[in-house]
Amino acid sequence: MTYMKKPKVRHPGLRKNTQGMTRRDYEGLVSTLCAGCGHDSISAAIIEACFDLDFPAHRLAKLSGIGCSSKTPNYFLNRSHGFNSVHGRMPSVATGANLANRDLIYLGVSGDGDTASIGLGQFCHIIRRRVNMTYIVENNGTYGLTKGQFSPTSDRVSKSKKGEANLFEAIDLCTLAINLGAGFVARGFSGDKDHLVPLIKAAFSYNGFAFIDVISPCVTFNDHEDSTKSYDYVRAHNAAMDHLDLVPEREEIIAQTEQGKTTDVRMHDGSLMRIHRLDDAYDPRDAESALSILRKRHAKGQVVTGLLYIDEEDVDMHELLGITKQPLNAVPMRDLCPGNAELVKFNKSLR
Amino acid sequence: MSAVDVAVKSRGMRPTDIANPQFFHKIVDCQWACPSHTPVPEYIRLVAQRRYTEAYMLNWESNVFPGILGRTCDRPCEPACRRGRLEDKPVAICRLKRVAADYRGDISAMLPKIPKKKNGKRIALLGAGPASLTVARDLMPLGYTCVVIEKDPRGGGLMRTNIPSFRLPEQVLNEEVEIILDMGVETRFGHEITSLKAVLDEEFDAVFVGTGAPRGKDLKVPGREEASANIHIGIDWLTSIAFEHTTKVGKRVVVIGGGNTAMDCCRSSLRLGGKDVRVTVRSPRADMKASDWEIEDAEREGIPIFDNHQPLEFMLDNGRLAGVRFARMKAEYDDTGRRTLTPTGEEVVFECDDVLMAIGQDNAFPWIERDIGLEFSERDMPVVDKTTMMSTRPGVFFGGDAGWGPENIIWAVAHGHQAAISIDLHCAGKSLTQARPGPGVSLVSQKMGLHEWSYANDYSEDLRVAVPHADLRKSLRNLKVEVELGFDEKLALEEAERCLNCDIQTVFTRDLCIECDACVDICPVDCINFIANGEEAELRARLRVPAQDLSQDIYISDELKTGRIMAKDEDLCLHCGLCAERCPTGAWDMQKFTYLERQADPSGQPHCSAYIT
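Chain order of the listed sequences is C and S. Counting from 1, one number per residue, gives the positions in the first sequence under the numbering used here. Counting from 352, one number per residue, gives the positions in the second sequence under the numbering used here.
It is worth saying that the hints were derived from the structure and are not from the lab. Every residue, glycine too, gets a C-beta built ideally from N, C-alpha and C. Be aware that one or more of the hints could be misleading.
In silico DSSO-like pairs for lysine-lysine, Cα to Cα no more than 30 angstroms straight-line [claimed, not checked]: (1) S:Lys568 to C:Lys162; (2) S:Lys912 to C:Lys296; (3) C:Lys6 to S:Lys912; (4) C:Lys300 to S:Lys912; (5) C:Lys6 to S:Lys377; (6) S:Lys440 to C:Lys16; (7) S:Lys912 to C:Lys147; (8) C:Lys296 to C:Lys261; (9) C:Lys300 to C:Lys261; (10) C:Lys261 to S:Lys912; (11) S:Lys377 to C:Lys8; (12) S:Lys377 to C:Lys5; (13) S:Lys841 to C:Lys8; (14) S:Lys798 to C:Lys71; (15) S:Lys440 to C:Lys147; (16) C:Lys161 to S:Lys798; (17) S:Lys781 to S:Lys737; (18) C:Lys6 to S:Lys798; (19) C:Lys6 to S:Lys841; (20) S:Lys841 to C:Lys5; (21) S:Lys440 to C:Lys8; (22) C:Lys6 to C:Lys147; (23) C:Lys5 to S:Lys440; (24) S:Lys440 to C:Lys6; (25) S:Lys798 to C:Lys8; (26) S:Lys912 to C:Lys159; (27) C:Lys71 to C:Lys159; (28) S:Lys798 to C:Lys5.
Residues from chain S that face chain C, not an exhaustive set, calculated with beta carbons under 7 angstroms [claimed, not checked]: (29) Leu863; (30) Ile865; (31) Pro875; (32) Asp877; (33) Arg933; (34) Gly937.
With the hints as extra help, turn the sequences into a complete structure.
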């Protein structure tokens, strides 16, 4: 790990956003992960996205479980709220926080172990519940923190650093998320920030459960020749479906588009997401086509990246449950608990 | 544009050739800006390690007068300092040089040995200023016989005559001049040269002219002749103070001029009895030639500066100077930035007892015959080769102000080194250009272990340390009391930590890079980019922070696996090494770049040479 502090001094020419912040203001501590870890690039992409979206840092809550990935919220957004929860239990904490204060922007950061092993059940249920949040899995296909065992997202053809074969099929988290009804499902690659940052921005702008599986090479245990999650492998087998442009509401759309190659999606925050489709078979509004592409390309050893599926009509948990627009933690006590007289009246109405 | 150039252009920028020493040299802004290319970061590190004697010797070998320059240098290094672009104030490089001089130990054993057996070559050095002394310093260890001919009774040139002792104590000056004279230089002090032909007739093997720019400009306005008893040419007046011919001045003094000489004149006046001392400048204050710190020092002593004042007339009363009448001026600038000064119509009179004129200096060569094969330009300056310092008459060399007009000490030193190389080659009958030695260069990794680097790369957030001054009342009473006290050790060490170590270069190895972005993400000043190649102007605009300072280069790598290139804007790099620290494959490494400007005697730079390896 790096012992040096990152100097606070910054480039005097660094751009400021509408919050008067520079990108540096969204940073956290210097990472203690291995040098070159894909997770650090994802942290940088999150910083970039939050800066671009002009987020007031104090309106954002970052939540995580356990693992290398779940350590990373310490390395970005150190002016935001944070909760480092129990292994695999980030979804419960996120659900609770979201119920109490629906006004915050929620970012969950998890890993392949935290989400696909110990937390798989929680993962399924947070999708079912449509919690309005961005859920990022930093997927390196290995248990890095416990010295490189296979994780449930390791591909069957992938080998360990020592050459051991993997006996089990991988869980494809994107397939799982689409099947469970997630309204926004995407896959990115930590080694391609130009592609990843717009995905993260789109996920933040989506009203509902937005899931991004980010392939993130583990430089220490899973960046070798026989790995399917190494920098080289993913670069060689990356099947990118799209390139996204997220245009904020206040800006005019000037991007030239080729007829029939783009899909425009109006996001809830007023911004427009323009999807430049790179593959003819791909239709981001069609879950069936997404599942089919994922299955077929995976069989060919390819890594499908891009916005795989989006349901513009999806509603989030608060709407499903008909919860008041005012965050529950801001509702005055006398409204939350109107007193015994009201209770008696209510009970009577049920008799 | 050739066909090849067109082809290259369409692909974008060429990869940087780091084997060309000038690429990394330019990144060491201070060393690059210094006329004699003193290895600044290296001596600042030595100061930080409290190895003052070595720091002094490194300077001495490079710029000959560290104690003098540590007080009086025009410091081209400081405006160049990267730290000044990051936060305003550069590292106090000049003051750290003085620290090395102030706290050094005995250096006598470290000085070059002068051979008892001479090589039989005799060199005449005309003038005993910094240029001539540098030539002597470089040639004496090689066995040359050097003869210095000087009109003043002592050596030092303008360092003695034009710099007041409250800025440069005589003892400091004497020490550094005597180191050179003690090498066995023959001196003819008090000997004014009236004919170059006569010198050439003595059959020297080479003649070096380092006679400076000794003629102060005069101002021909009405009353000049009549009031001449109380109107003095600034540099001549300062000289007569240095040799104690002048010991007082009138109570009311008007100084005309806005350069460093004017600042020395007004401050000297205060110390010789002046009570109401004013500086008047023709131009707006912002255009004054004096260094900012010299203006500050004058103002700190309570001297007002009246800008936009053009002298019209010296006024007399009973045949004696009574005052100066000025026209108030207004500066206007056209689109190209050209200035015109026009009178506003308003006039003012400053009453005074003495006027000091410090409006510039000229070269004067009435003593050089024009029929000896030595060409003069239209501006009546000798025609001198910029590289070799030789005039059109083989064997006659020029340097310092005599060669190129008024500059400052550090330039004179740089010229002296080059002239000495040329004289040595000339005496050996070799080509002055082809046989010229190139710079000594090395590039060595500073990695000591997993997270260990051989230099202190922690960024100090401290602001520039101010130099303590002597008590004003005390220093104004005595011309010889030095105003600046210099840093004490504590302040010096604090200031030394502000140096960014710009000579520790970020070196990129394309083949090792896996494009993980770790360096991009960690860089505190966003200087690293992995992007598609393109033409320079377009590529500069596409960087994480657009690179607008065209004087600063972009470090470009060969094409990487993804087809992109690495492009690093060198402008604000902190040289903190975080990129190398966070690089998983060692594609980035911190390597110390050393650049040594060679001198006539290769063995005469043992400390500089040791620093190279």
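Hints the structure violates: just list their numbers, smallest first. Violated hints (numbers, rising): 1, 15, 29, 34; every other hint is consistent with the structure.
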